[in-house]
Each structure stands twice: as C-alpha cells, then as structure tokens.
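*Asks:* Sequences and hints are given; from them, build the entire structure.
Protein sequence lines, in the order shown, are assigned to chains A and B.
When we follow numbering that gives the first Met the number 0, the leftmost residue of the first sequence carries the number 0, and every step to the right adds one.
When we follow numbering that gives the first Met the number 0, the leftmost residue of the second sequence carries the number 0, and every step to the right adds one.
Treat the hints loosely; a few may be bogus.
[Claimed, not checked] Computed list of lysine-lysine pairs in BS3-like fashion (alpha-carbon distance at most 25 Å, straight line):
| id | chain 1 | residue 1 | chain 2 | residue 2 |
| --- | --- | --- | --- | --- |
| 1 | B | K163 | B | K115 |
| 2 | A | K270 | A | K210 |
| 3 | B | K263 | B | K9 |
| 4 | A | K270 | A | K93 |
| 5 | A | K142 | A | K417 |
| 6 | A | K308 | B | K132 |
| 7 | B | K132 | A | K74 |
| 8 | A | K93 | A | K308 |
| 9 | B | K47 | A | K253 |
| 10 | A | K270 | B | K47 |
| 11 | A | K308 | A | K331 |
| 12 | A | K167 | A | K253 |
It should be emphasised that the hints constitute simulated quantities derived from the structure, not laboratory data.
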Amino acid sequence: MKLTVRALMGACAIGAFSAAAYAETITIATVNNGDMIRMQGYTDDFTAKTGHTVEWVTLEENVLRQRVTTDITAKGGQFDIMTIGMYETPIWGKNGWLVPLNDLSAEYDAADILPAMSGGLSYEGTLYAAPFYGESSMVMYRKDLMEKAGLEMPEAPTWEFIREAAAKMTDRATETNGICLRGKAGWGEGGAFITAMSNSFGARWFDENWKPQFDTEAWANTVNFFKGMMDESGPTGYATNGFNENLSLFQQGKCGMWIDATVAASFVTNKDSTVAEHVGFALAPDNGLGKRSNWLWAWALAIPAGTQKEAAAKQFIEWATSKDYIELVAAKEGWANVPPGARTSLYENPEYQKVPFAKMTLDSILSANPNAPTVDPVPYVGVQFAAIPEFAGIASDVSQEFSAAYAGQQTVEEALAKAQAIATDAMEAAGY
Amino acid sequence: MARSITTKRKTINTAFAWAVGLLIFFPILWTILTSFKTEADAIAFPPKFLFFDWTLENYAVVQERSDYMRFLWNSIIIAGGSTLLGIIIAIPAAWSMAFVPSRRTKDILMWMLSTKMLPAVGVLYPMYLIFIKLGWLDTRIGLVIVLMLINLPIIIWMLYTYFKEIPGEILEAARMDGASLKSEILYVLTPMAVPGIASTILLNVILAWNEAFWTLNLTAANAAPLTAFIASYSSPEGLFYAKLSAASTMAIAPILIMGWFSQKQLVRGLTFGAVK
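*Replies:* The following block contains the structure:
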C-alpha cells in the first residue's frame, strides 16, 4: 500500500514537473476594444486549463497594424499570436507568413465557423486565422423619430428610402440629424463605408484587368449621392466623423439613423445610450442592383510562422474562439456580451436569439459575399477592401480626396479624377 | 504717473501671461478632468467642465487592467538612461566644438541637426533589422541606445551653446595651472555649465519620456514604456475616452511633477546666455 502511495506521489510529482516544464508564456498582440479587453480578463481560465501564461500587448488599431506588419515582414518574432483582420489574412497566408490552422482539434469544431468568416480568413481553402468575432454593417435607427416622420423602416431599405427618411427626420433646431455616416479619411474609416456603399451602386475598385474604375458613372453616382444626402441631413463637419464621433452623436440622441458596424448595436442599446429603448435595426440599404452596402470584417487570431511556441499558441486560439469561451462569457456577463459573428451555433442558441440585434447581425453577415462583392465581376476578394498589399496605401489616399470633397474643399468630380490618377499610378508602379 | 503706467502694464502683462499659460495648459487640464468623469459624461455635449459626477472608477479600471508600475519603471530607465548616456558623450563633443573648433565644426553641427529632419519611419525597417540581429528588440538597452542617438544632436547643440558662453581664458588658465584635459572638463568647465547641463538633462528626459514612435515600434511586452501604456487605451471603435484620459494622466503625472519642481532650473538653463 505504502509502495503504491509513494508511486502515485512520484507520478504526480513527475506530472507536475513536466506540466511546469511544458508551460509557456505566449505574447499576444491585440486591439483595444470591448471584446478583446473582456477576453484578457478571462486569461486565468486559459492558464488554469493549460498551464500557459499570457503576456498581452494591447494597441490602438492603426498602431497595431503597423506594429505587427513590421514584425512579420522583418521576421522579428516578437509575437506568438497576432490579432489581424480579413484584409491581412489572405495576403499573409499567401506569402507563407502564417501558420495554417487546418489541424485544430475535432472538439473545436472548425466547421461551426460561419462560412463567410472562414472564407474571408482563408487562402486557397486553408484557414490562416480563427475569428474571435465578426461583424457586418447595418442600419441602426430611432423608432420614435421614424414614427414621428410618418414612416416605417422596411427590413431591407433602399438608398432612396434612407435619403427621404433622413430628410424628414432632420430637425436643425433640435440638432437632430437625419443620418450619421463616416466621412473621415482612412481606408478603415470613411474609405470602408464608401467602398461598401459603392458596391450597391454598381461601382467597383478595379475591373477584371486591374484597371481603376473611379472614372465611371457608378462611382460618380455613389459619391454624389453620399455628399448630397449628408449635406441635406448629416451633422456639421461629417467629413471628419468616424465610428466614435457617430456613436457619440447617436448615443446622445442627435442621429435619426446610423449605418455602421453591427458591433455598435450593443453600444447604442447599453446604459450609456440615452436612446437605448428607441433603437431599431435594418439591413444596410441597396439600390435594387442585387448588392447591399454592408461590409464584412472579422478580428481574428493568427500565429506568425516561425514562432517557437506554436503548440501553446494553437491551444490559446482554440480556447479563445471556442464554443466554451462563448458559454463562459454568457455565464458571467450575459448573452448580449458574447463575441458575435463567428460561430453558427451561437445563432442557433435560443438564449442568444433573444438578444435584439442577433438576427439582424447574422442576416447582415450572411448577405455579404467577399468573393463576389460587386455587381460586375472583379479580380479581388473583399467587400470594403481589395485584398492586395497595395490597397491600404491607395485607399488611404483616395479616402483623403473624398473627405476633402465632403468638406467642400474640392468638387466630387475633382476628387474622383484624383482618385483615378492615384490608383492608376500606384497599380502601374506595382506592376499590375 | 510713470509708476501707475508701469503697474498697469505689469497687470496686463501678467494677465496676458496667465491667459497664454492657461491656453497651453488647457488640454492637460481637460484630460485630467475627463479622467474623473463617466464615459457618458466624457462625451456629453455641451461639455461638462466641473459639474459632473466625479468618479475614480476609471483609475480603478486602468489599475486593474494594466501593470502601471512596469510601464513606469521602463519609462524611468529608458528616459534616464538615454539622457545620461547622451550627456556623457555630448560633453566632450560640445567641448571640442566650442573651444577647439575646426573649419568644419559649423558644418558638422548643421549636419547633426539635419538628421533630426529625417522622418523616423524612413529608417524603421533598417533599424528593426539591426535590432533583430543584435537581439535588442523589446529590450531597455536597445531603447536607451536608440533614444540617446535620436536626442544626441539636440544635447550637443544645447551644450555647445552654453559652453560658447564660457570664456576660453578660464580654461586656458586652468591648463596653465597644470590641469589635464579630464580635469579641465570635469572640474572647471562642468561646474561652470551646471545650469546649462541641468536644463539639457531635463529637456532630454522630457523628450525621451514622450517619444512615441520608436518606443511603440521596438517594444512588445517587456520593455514597453508609458507611451505604449497610453496606446493600449486608445480605440477607434469604442468610446473609452475617460479611461484613456485616466491612463494619460497617470503617464504624464511623473514628468509633470518633475517639470513643476525643476521649472526654475529649466528656465534658468534655457535662457542662459540669452540676455547679455
């Protein structure tokens, strides 16, 4: 008996020693947003399950992009996991900079990831990043103001309806703007919005031969419609408004409608919002051409090739993007706070179906197709971006020209002509 | 009569100086005030200046979420180390340029200053690759060296300006009394230039403390200073202005306090030689 006890104790000691020896500290670069910060708070659960500890490097989105891009292209090896988006993943996957994630455990159930998400985070069928949360864009509107205007929001509105409703809801005396949209320069700010909007107007960034298309009527219609509607019914200085500025206006009751990321739904209905009980949701508008103006995005976790801690990193990704993690957050903070838009099973859960914006978020995500984002065919993947390395630089410059037009510093025609020249020069220089 | 005009002018000047001072200080004051607001009050329009529900919640959240002391310690080491190293190198360099100038001294000074005009991002990749080779990524020593190199032209320029104000005859007399070069710099020149050296140190500590390009791009989890601490609270998707303000206040507090207590020395050093 004594011998058995000693043997057991010895086995335990060896087990503990090997677990300690195996335990790693992984470094994760991530963005500062509500879901990611919440995940950091639950890191102890991961450590308890695996023995691995985590060092977090949290940065503002644009700083993070620059930081991780520098590190992965120079092979700096500073991070074991990087938080990246749908734009970077296929490009980096193609370049061989990321570890493929096709061998995740059966328990993880990779097939449960929403197809739109796994498609956008793969290259040639190989998954290179696991979605932590996904988002599309949709209309968030004030039901009380809509009613006051004598209108009813359809579940799938057109741009003409949105413009008419915006004009009727606008009341300059009470500083109520019919509509708030992103006009701020930057490819991830106003650039993302106008690109997604242009899809519904039949515009595209490039034709099948990679020729820029800003000299087309479809682009002129898009930008003129945007500017016309915002001049009529938008807030003063909309050319410099991004997500945060519009969120602030909407929460304070100064917007009748706001078309933006689906993740904003939880912000406009939480305790900080003065209009929480009046908010309704609808699909992003279209123009009857078969494409809506919603985008598709995911913040996902990827492992840079060359990390020495690949196994521990994969364990973390399996934990953070698992069904169990969603259950953990739901149990502690309620279903409205779980990371949305990544897993099919979440939207089949009767508890989650009770969350007011759950259905519209899923419908918005499902209506976006990164592989066929436009009315006419395109050679690129991506709804509000084109997944080529040159896009970020070109789109930043182009969106600056558009913002200058919104601000009245130049005409829409001048902005489009400059956009065409910028894109043509950059694409020719890149050898397209 | 003349006395009353002087008093009136003094009052106007004082009021003007206070107005300019408050204008410059206002963003810092606003950041501090915002750090005591709720997120809803932080974005309220019209803005709430003093009449809001004061709360320490943001500081509690920041304290819970981040290891402030680690960031602070890194900032102290990096700012202090780079300034100290810079001073050690710059004193002999400035001495030689001030007291034994060559025909090219002016050109060298201008060339050194011109390196400050190069956009830092232009050398990010070469610098990053060098840091990988040397194993300096995310280390304090790496940042101490890079910040020292960045600020060295300013340190040399400032010391050169102060040294030029010291009569060369005094150093010559020391030499005639048998002082070695080391003794001349350490025991004659340095004590006479203490106000200038002190203000140079203070200014460079401030510059290194606030440096936010290299400190963000060359660090990860270990050597990240307070600039990275602030960056971790900034977000384009989410209204976290009150928490960001709390983090910013915690990051600038040490340097603000240091600046407050050493302002006399700083002003004295910066105006050294300005009025003859």
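*Asks:* Any hints from earlier that this structure breaks? Give me their numbers in increasing order, please.
*Replies:* 2, 4, 5, 11
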